[in-house]
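Build the full structure now, drawing on both the sequences and the hints.
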Amino acid sequence: MSTIALPHEAQAHALHHDDRSFVRKYIFSTDHKIIGIQFLFMSLFFLLVGGLLAMTMRWQLGWPGRPIPGGAILGDAKAPGGVMLPEFYNALVTMHGTFMIFFAIMPLLVGVFANYLIPLQIGAPDMAFPRLNMASFWTAVPAGLMMLASFLVAGGSAGAGWTSYAPLSAVPEYSGVHTGQQLWCLSLIILGFSSLMGAVNYITTVINMRAPGMTWFRLPLPVWALFITAILILLAIPILTGALILLYFDQTIGTTFFLPANGGQPLLWQHMFWFFGHPEVYILILPAMGFVSEILANGARKPIFGYPAMVGAMIAIAFLGWIVWGHHMFMSGMNPVLGGYFMVSTLVIAVPSAIKTFNWLGTLWGGSIRFHVPMLNALAFVSMFVIGGLSGMFVAATPVDIPLHDTYFVVAHIHYVLFGGSLFGIFAAITYWFPKMFGRMMNETLGKIHFFLTFIFFNLTFFPMHLLGIAGMMRRLYDPTQYPHLQPVQPMNEFVSVNAFLLGATQLIFVFNFLWSLFKGRKAETNPWHANTLEWAAPSPPPHGNFEVTPIVYRGPYEYSSPDSPVDYLPQDRPPLERPSPAPTLAPAGN
Amino acid sequence: METAHKQPNYYAIWLILFVLTIAELGVAFLSGLHAAVLITILLALAVWKALLVALYYMHLRFEPRRMWLLAATPIPLVLIFLLVVLAEGW
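First to last, the sequence lines map onto chains A and B.
For the first sequence, this note's numbering gives the first residue as 1, with consecutive numbering after it.
For the second sequence, this note's numbering gives the first residue as 1001, with consecutive numbering after it.
Watch out, some of these pointers could steer you wrong.
[Unchecked claim] Selected chain B positions facing chain A (Cβ under 10 Å, derived; list incomplete):
1. Pro-1008
2. Ala-1072
3. Phe-1081
4. Val-1084
5. Val-1085
[To be verified] Over the 10 Å line for every Cβ pair with chain B, so calculated as not near, a few chain A residues:
6. Ala-154
7. Ile-253
8. Phe-394
9. Ala-397
10. Phe-457
None of these hints come from the bench; they were simulated from the model.
Even glycine gets a Cβ: it sits at the ideal position worked out from N, Cα and C.
This is the structure in structure tokens:
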């Protein structure tokens, strides 16, 4: 039985007597909604930073050795005469991956939406531990600043890749980076504490603070996805933190955990990193699956197809995520018997993934589809996730992975999953819940222009990378033209770079739409999407404490086009209609 | 879950943890033991310290059985990880 943290009177008091100072309300806030919005601004900032780094890399790959326009500001240590040095390119690759994965996609999916949505969708006034929630955000900020500051230290920022393989990352002389590599470790250790504080909070809140009637199988799918993700975070992050501490010791106090000297094992880092890293991949996609499920049902005006199977598939993906990490290491010299095991276990993940895809299509089938901006982005998620999933099947098979390992095929695969999947899911979620967060609608026309251009330029940027990979182009490559076998595909690199710049420029439309709509967008009604979940029963934006009275839940979240409702949606908290009871009949004689 | 129990002596536990850490350092740097013996001793001391933290500082000793089960959840993951790493022939 779920419980409620605040009794009705106390909750109503919190709603009507919000006399907190500006600092307590907007800076050091304990309100889950403000913390979610704080995470939103922080992670969008780092998304832009990561994008700018990618643009700079694409200049070098498109036109190697040509001065970057305006590149003189980078200084002689990074780009003498505006031409970037290989060391700086390494830093760009490393920091692009690091910012995008740890400071943009992960906080966008979890920090923003777990904070914002969980209490609202389960009918709670706030998180279980509001102060811990605040601490979680204010721990993430210095971690991000530390990572940013590493660009300014002598030797530059970390340059051993976002996977930071030892011994390259453990010995400063190998990479030429000293302090930057240490700051990378420290920043991620601090960020790990932030993630753990958040995860404990999300799990406790979902278990303990559901409104009356909100049974497990009436939970909206975003809550299920975020709950499962939080469990993954709780179990996976400590492994990374432990590995990072060992790496930091190798860098600073002379231990040799990952160095062959004195018996250390470089492969131990790879095992520890990917034992965290593969669950991390699902941390980066499961929440988006939850958001998209919600939006597809809403846009199709149909119940989600196979709700229990959707939940079961997410649980299965989360479980399987723990036993497949070795597929990142087929070329590491790992025992071939293990390679066979990891290949099979990885291919098994296709089953729950296919269940989800089938159910999304089943949800759309025969629906009265509304192609609003969130729906368009959700549909893009499904199609791009299928492409990213299929290329994942390629590289999961050892015979195929051997030639494709560490090529641009893998870069294409990860971007189809993380940009085509996660980021389209994030665009869908931001445009869908923006009215609830800020009380205003985002501009629909600008949203559609942004979507179509992003969809086109995304595919023109990343699909050719499959071909570059098959042509043998290695990832983390400073200058493709120095290899004769890559010179014929250099025009394709230029093509990719041009489209990457157009893709980057298209995001300015989103930034403009976001900022403009904050102040000038049309005022949002309480339930602009005619949705069923509880957050749409609260005002837009919801006040401190969320609900005037604790909602009571009568049904599941996807009762669209129900015959029990005069309109095509039936909110979870709407009491059942009184039906005229059938006329009493006499039982036939003899029965 | 709030249960009535005698307050553990946190300072005494801190002192035990401190002594165990000194013992670890002493064994590691001064004993001159064979590596395999040294690692076994250090692992045993580490498990001892982890148990003290879990039982007292994290109150597991005073929690109901289901909380023990929850805390034990990651153990299969540790076993999977060890199995694979050891299968590498280390």
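Each hint tested on the structure:
Using the Cβ-Cβ criterion of 10 Å, the hint placing Pro-1008 (chain B) at the interface with chain A is not satisfied: the shortest such distance is roughly 22 Å. Residue-level restraint check for Ala-1072 (chain B) is violated (minimum Cβ-Cβ distance to chain A is 12 Å; threshold 10 Å). Because the closest C-beta pair between Phe-1081 (chain B) and chain A is about 6 Å apart, less than 10 Å, the hint holds. Taking 10 Å as the C-beta cut-off, the interface hint given for Val-1084 (chain B) holds, the closest approach to chain A being about 6 Å.
Below 10 Å, beta-carbon pairs count as interface contacts, and Val-1085 (chain B) has one with chain A at about 6 Å; its hint therefore holds. At roughly 32 Å from the closest C-beta of chain B, the C-beta of Ala-154 (chain A) stays outside 10 Å, upholding its exclusion from the interface. Non-interface status of Ile-253 (chain A) relative to chain B is upheld: no Cβ of that chain comes within 10 Å, the nearest being about 13 Å off. The Cβ of Phe-394 (chain A) lies farther than 10 Å from every Cβ of chain B, with a closest approach of about 23 Å, so its non-interface assignment holds.
Residue placement check: Ala-397 (chain A) keeps its beta carbon more than 10 Å from all beta carbons of chain B (closest about 19 Å). The Cβ of Phe-457 (chain A) lies farther than 10 Å from every Cβ of chain B, with a closest approach of about 40 Å, so its non-interface assignment holds.
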